[in-house]
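Model the placement of chain E on the given structure of chain Z, informed by the hints.
Top to bottom, those sequences are chains Z and E. With numbering that gives the first Met the number 0 applied, the first sequence corresponds to residues 0 to 76, in that order. With numbering that gives the first Met the number 0 applied, the second sequence corresponds to residues 0 to 270, in that order.
Relax, there's no trap hidden among the hints.
Heads up, simulated SDA-like pairs for lysine to any residue below, C-alpha to C-alpha not over 25 Å straight-line: (1) 17(E) to 20(Z); (2) 21(E) to 20(Z); (3) 47(E) to 16(Z); (4) 244(E) to 79(E); (5) 157(E) to 14(Z); (6) 157(E) to 33(Z); (7) 21(E) to 54(Z); (8) 17(E) to 59(Z); (9) 47(E) to 108(E); (10) 157(E) to 31(Z).
These aren't lab readings, by the way, just hints derived from the structure by calculation.
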Amino acid sequence: MEMFELHTANQVLKVEAFTLSGHRLFRITFPDKTLPLVITRATHANGGLFWTSVPEGRQALSEQTGLFIESYYKIKK
Amino acid sequence: MCYYNGQLVTRTEFLRLKEIEKALAGYDFLKDPVQSGFDYSNSAVLRKVPGRKDFDLVQMEWGFLPAYIKTREDAQKMRRGYKDSQGRFHPPITTLNAIGEEMLHPGKIYRDAALHRRCLVLSSGFYEWRHVFPANKRTGEPVKNPIKYPYHIGIKHKDYFYLAGIWQPWTDRNTGEHVDTFAIVTTRANPLMEQVHNSKKRMPLVLNEELAYEWLLEDLSEKRINEIVHYSFPWQEMEAYTVAKDFLSAPDPENPFHYGDLPALDLQPVK
Chain Z
0 MEMFELHTAN QVLKVEAFTL SGHRLFRITF PDKTLPLVIT RATHANGGLF WTSVPEGRQA
60 LSEQTGLFIE SYYKIKK
Chain E
0 MCYYNGQLVT RTEFLRLKEI EKALAGYDFL KDPVQSGFDY SNSAVLRKVP GRKDFDLVQM
60 EWGFLPAYIK TREDAQKMRR GYKDSQGRFH PPITTLNAIG EEMLHPGKIY RDAALHRRCL
120 VLSSGFYEWR HVFPANKRTG EPVKNPIKYP YHIGIKHKDY FYLAGIWQPW TDRNTGEHVD
180 TFAIVTTRAN PLMEQVHNSK KRMPLVLNEE LAYEWLLEDL SEKRINEIVH YSFPWQEMEA
240 YTVAKDFLSA PDPENPFHYG DLPALDLQPV K
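Just chain Z, with the same shape it has in the complex (with noise of 0.2 Å):
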């Protein structure tokens, strides 16, 4: 498991990054009453990438919170 946090324009989100059963996920913490949040990369239909929440029902929030995760891999490189 692979923990970090991710320092957003006015929250300070906390992460864990591990796998379950093989799959790559992400729990994301809130600092303020917001659920905590899992989600993953997902393959559309049409062959692209997107976030998504796993169980289903939160998928702006996903596509948000990923765009942060992929900046945090990217700037790690």
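The following block gives chain E in isolation, referenced to the frame of chain Z:
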């Protein structure tokens, strides 16, 4: 084609995401701040992926079940103790913890797991009881029965840390039920834990990140395993505070609780 979260995905991808949902539904450890070993519950464990320098996060049952235990009924007998047909009581055998310095000894039930099935148990903190023997008001002598105070022990500035573990796959030979079980490896207490867990002077084998990944992923010799089980996590990086005596059933068990009559731990800062 199907939709997942409003996004068009192939049926294969949809099934994969549903499989993750299902796996996550059983992934409840992060909701539970306290896991008492004695309810033999599931815990989050990092386990090596065979043949690769990679690991999976899985749930395992805390309480190592050796292969010679054939059924759940036998497991219950081992864990709870039982009376045989002559009315003789056989005390429980606890396999929640494996004594690190002894687990490789010939004939130990943990030996094979220590050599071939090591794992890491994720912990956000653990609890131990400190025994205090105040002076008897009449005689001035220390009382015989200690007053016990529970402590929460964690690592400063770390939400999670790693405890060394060993695991064992187990199948009920009557029902076919299969579970992976584990024990937490223990070692001699460091100066902080000597004072907190002062009745036994033992502690779980807390590993730093480097040793944790070596323990989990590397092919280790007996000599190296023995070296690692003698590792003493720096006490200066740990923190311990008292919690309420009913912490096991408290909604926020990690909340500090002050006992006015309890002498403070006597820890000298490193100069």
